[in-house]
Amino acid sequence: MAALFQQIVNGLSIGSIYAVFAIGCTLIFGVLNIINLAQGAFLMVGACIGLEVALAGFPVPVALFAAILSGGILGALSEVLMFQPLRKRGGHRWMGLVASLALARVLVGTAQEVFGTQVRGYPPNAITGLTWEIAGVRIQAIQVLIIVAAVLLMLLLAFTLKRTSIGRAIRTVAFSETVAQIVGVHVGRTNLITFFIAGALAGAAGLLFGMLFNVVSPFMGDSALVKGLTVIILGGLGNIPGAVAGGFLLGLIEVFSAGYVSSSFRDAIGFGLIFLILLVKPTGLFSGFEERRA
Amino acid sequence: MRVTKLFLVTSLVGSAIFSPAFGKDVKVGIVQATSGGSAALYGVMQKNAAELAIDEINASGKLGDFKLVPIYQDDAGDRGQTVNIFQRLIFQDKVKVIFGPTLTNSAYAADPLAQKAKVPVIASSNTAPGVTGMGDYIFRTCATEPSVFPHVLDYVIKRSAPKTAAQIYGIDDMLMKTAYEVHKTALEKAGIKIVDTETFQKGDVDYSAQLTKIKATQPDMIVIGGLAEESANIVRQARQLGIPKSTIILGANAAISKKLHELAGDAAEGFLVGSGWFIDYDAPQNKAFVAAYRAKYKSDPDTFAAQAYAAVYVFADALKQAGGADDTAKLRDAIAATKDLDTSLGKFSFDANREPVLKAKVLELTGGKFVLAPGQ
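The listed protein sequences derive, respectively, from chains A and B. The numbers in my numbering rise by one with no breaks, and the one at position 284 of the first sequence is 284. The numbers in my numbering rise by one with no breaks, and the one at position 118 of the second sequence is 1118.
Since the hints were derived computationally from the structure, they do not count as laboratory data. Just so it is clear, the structure is predicted and the values come from calculations on it, not from any experiment. Be a bit skeptical, because a hint or two may be false.
[Said to hold, decoys possible] With the C-beta cut set under 7 Å, the calculated list includes, among others, these residues of chain B facing chain A:
1. I1171
2. M1174
3. V1205
4. S1208
5. Q1210
6. T1212
7. K1213
8. E1229
9. Q1240
10. G1242
11. P1244
12. L1263
13. G1265
[Stated by the list, open to error] Just the calculated beta-carbon pair ranges, DEER-fashion:
14. T1328(B) - V226(A): 29 to 37 Å
15. F271(A) - I1157(B): 40 to 48 Å
16. L152(A) - R1294(B): 49 to 57 Å
Yeah, the Cβ is synthetic: ideal placement off N, Cα and C, and Gly gets one too.
All chains should be built: construct the whole structure from the sequences, respecting the hints.
Here it is, written out as structure tokens:
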């Protein structure tokens, strides 16, 4: 029984990071109908910058802020320098996809040169070693912190989308670019803000991921990207509540397939789900929300 | 064309003049990657150590009239270049032995050439399985998992008499899959019950699901088939999940790295591995080697350096036993017959498969460093 609850704790902590990361991916899709494959690289850069800041002796919140900022700036730059010019020249949506993949490779290559190829970890601090044991279940302070940080970020995003003028603009563009232009929404700026938010969420996810597993490397973005794509298909493309639920669900599915089926099938089960969902319910498990978005 | 001719003439004249003068010169090839990325980390160490050994042997006069003449080539870790270099060394320079190459991939590409030409190859960093299986002229001095793990297990059994074990290993890595098989066979042979077997994949960082499962089976020890970075995270997460210190954690030979403590911190204390060498190893040859290496290169040697150094001494001994290098079959047999030779690795022998037989040292991570585990 303790093992079951332990697996739930394990699954929720990784799931919350998947959720934060996937929201960014799905937000861009919801607004612009494209997939940005460089999101994984933004996650990696966020983790690397966050680590540098932490190694320089700054506290975790400062490192988190640096990760968010660096991810956000990269996201905005990718829109300004890549996606927007491609759209303006009437490039096909595929070109953006391929270009974003190229951008990801450039960032990984640069990170290898700047930070080296070896795996690095966070310096030990008061939080990393702290654990509580409740009825045989080990809960690490860092897990609690990460779940809380993830939930706060998600609430902040929900508030921004629902209650602020930026959020209303984003939702209008997501509904229809033409309508947005008619009602006087600055579409270009809204797209830019969307890319910034998505990049910032990726950067935050990178720092949280790096702290939870004490692993930061130039290659960490690749597997994260695949997980992110799995989550947004689970939750329905462009569906933000779906991405949150999908993130936690994937985290739980992973630990339970490793814990109760076989660790060799862990990824096979996670990715097998994509096939199953695409075949059975291509709009995602949580497509009830879809109508509300559109 | 004229330049080539001129070059040919001068080199012919050159060899005509110099060869008879040093009639007992024995040319030896050193093929190591000293440029080209991470392979150079291992290559530079081995080249340094091999050249050090050659200098010492020539200076000592232990080979009588024979003199080792090193011809060093950098293959940059690229197996295409390794093949070219082997061809040149074998057919043009006519070396009597080749020390190297750095990478196993290069060995698989180039060693067959040497085997065909009957030129012995002594590797000191090709640890993958099957390297010496390429032919009876291929040797290696580097410790492999099968040559060290049984000793580690014996040590643990003596120290704390474990009854059960759980295994976790990288399922998509050849080296680790082999390590897993070696661990499993040794555990079964020792009558230790394997209560759980878990796997992970390259790039995985979350082992909590597997470790939670392992924790529930309450094993006396956990055996990890993983590289340093993976092992570090497994150890750290195991302790975080509350797997007690009384559960001993054993690792693979490939996990020996200062990265282990760097990433795992104090959670890695007590981690046990087997090795062919460590810097404070108390053998007279090793103390001399470490001191000479430090004096010449102003840095500490590593395991690969020690293995490359031993390779040269093994060859020199065989050369003496065979009474020369002209009869390659005799020379090969002499290398293969190496038994209990004093080297930087301790008493060194080759087994029937030209694999090293050496006294494995059990190392324990103590105070952030790998040191000899007490009571050996």
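Hints versus structure:
1. I1171: holds (6 Å)
2. M1174: Hint violated; M1174(B) Cβ to chain A Cβ min 16 Å, cut 7 Å.
3. V1205: With a minimum Cβ separation of about 4 Å from chain A (threshold 7 Å), the hint on V1205(B) holds.
4. S1208: Nearest chain A Cβ about 4 Å off; hint holds.
5. Q1210: Holds, about 5 Å.
6. T1212: Since the shortest Cβ distance to chain A is 5 Å, the answer is holds.
7. K1213: Holds: closest Cβ of chain A sits about 5 Å from K1213(B), inside 7 Å.
8. E1229: Where the cut-off is 7 Å and the nearest Cβ of chain A is about 4 Å from E1229(B), the hint holds.
9. Q1240: It holds, given that the least Cβ distance between Q1240(B) and chain A is near 6 Å, below 7 Å.
10. G1242: holds (4 Å)
11. P1244: Check failed: Cβ of P1244(B) comes no nearer than 12 Å to chain A, outside 7 Å.
12. L1263: Given a least distance of 5 Å, the restraint on L1263(B) holds.
13. G1265: Constraint on G1265(B) satisfied, holds at 5 Å.
14. T1328(B) - V226(A): 29 to 37 Å: Distance hint for T1328(B), V226(A) is violated at roughly 53 Å.
15. F271(A) - I1157(B): 40 to 48 Å: holds (41 Å)
16. L152(A) - R1294(B): 49 to 57 Å: holds (54 Å)
The earlier numbered hints that this structure contradicts are 2, 11, 14.
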